[in-house]
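Model the placement of chain B on the given structure of chain A, informed by the hints.
Chains A and B, in that order, give the protein sequences. Position 103 of the first sequence, counting from 1, maps to 97 under the numbering used here, and the rest follow consecutively. For any residue, its number in the numbering used here is found by taking its place in the second sequence, counting from 1, and adding 29.
In case anyone wonders, no lab produced these hints; they're calculated from the structure. Note that this is a predicted model, so its numbers are computed, not measured.
If the Cβ cut is set under 8 Å, some of the chain A residues that face chain B in the computed set are:
#1 R80
#2 D81
#3 E82
#4 R83
Computed list of chain B residues with no C-beta within reach of chain A, every gap over 12 Å:
#5 I39
#6 N40
#7 N44
#8 V45
#9 L46
#10 A48
#11 E49
#12 K51
#13 V52
#14 S87
#15 I97
#16 F98
#17 F99
#18 L100
#19 E101
For glycine and all other residues, C-beta sits at the position ideal for the given N, C-alpha and C.
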Amino acid sequence: MKTFNRVLLRYLIFAFPLVLGLVIWGGFVDLADLSLSSGFIHTLWDIGGINLMVWVCSLLYLIAAMTVSENMRNDMLARIAGIKERDERESLIAGTASRSVFLLTTSILILLLFLSLITVKIGKKPADAVAPGEKRGYISLGLQFSTTQTQRKDEPSGRDQVFFDYKGIPISNSGLLLFLLLCQIGFYHYSARRSPLLK
Amino acid sequence: MGNLRNQLKINNKINVLRAEKKVTQQALADAVGVTRATINAIEKGNYNPSLELAFRLSKFFSADIQNIFFLEENNENI
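Extracted from the complex, chain A is given alone in its bound form:
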C-alpha cells in the first residue's frame, strides 16, 4: 500500500505538466472542432483526457487517504510541505516552527472570524426622510453569524445613498483556504529558517 501510494504521488507530480498542458490546449482550441476531428490530434486529445481523468481520481484518492491515514500524512504531507526531521535538532526546529505557525494561523483565523462576523454600512438618508435638524448621515454596525453558506438577501436600502456596505470578507471560500494553506507553509519555512539552531 505504501509503495502504491508513493507511485501514485510520483505520477501526480510527473503528470502535472501534461495535465496543465491539456488545460492550456483546451483553452486555445475549439473543443467542438477537436472532438469532430480525426487522426493524431484527436487521439492525442483523447489520451490527454484519459490522463486528466486518472490524474484527478488519483488526486482525490490521495487527498482522502491523507486525511484518514496518519502515516500517509506524516510521510507525504511532510514531504510536500518540506518538513525535515532527520535528527533530533531538526525535530526541535520543526516543533518550534510548528508552534509559531499554529499560533499565527490561530490569530489569522480569529481575525477572519471577526471580519466575517461584522457588518458595516455607511450611508445618507434622503432629506425628506428625516426630521428637520436631524442628521442625514449614518453608520450602522452589526453582527451576523451563519453556519452555512447561504445567499444573503440584501435589505432594500430604499432611497438611502449608501457610501460603504461591508457584509463579510469579500474573498471566496477557495481563495481563503488557499491563502491559509500558503500562509501556513510559507510561515513554517520562514520560522524554521530563522531558528537559532540553524546558525
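Positioned in the frame of chain A, the structure of chain B alone reads:
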C-alpha cells in the same frame, strides 16, 4: 532557578576530540546518526544535544560525558 539556567552555558570540546581522532564532521554525524549540520551546531554551541546523543558521542570518542561536555560559568552574571 531561572537565573541559574541563564548563568550556565554548556560548552564542549567535540572539535578538539574530532581533530585528535582525525574525523570529519560528516563521518562523526554518520557514526552517531545525525546530520552534519547538527554536529556543526553542537560544536558552535548553538545546540545542546539530548542525553542519548551525548552518550553516543561519548561512546564514539571513548570518553566520559564530563570530558566532552562541561559547564562554562558566566562570572559576569553571578
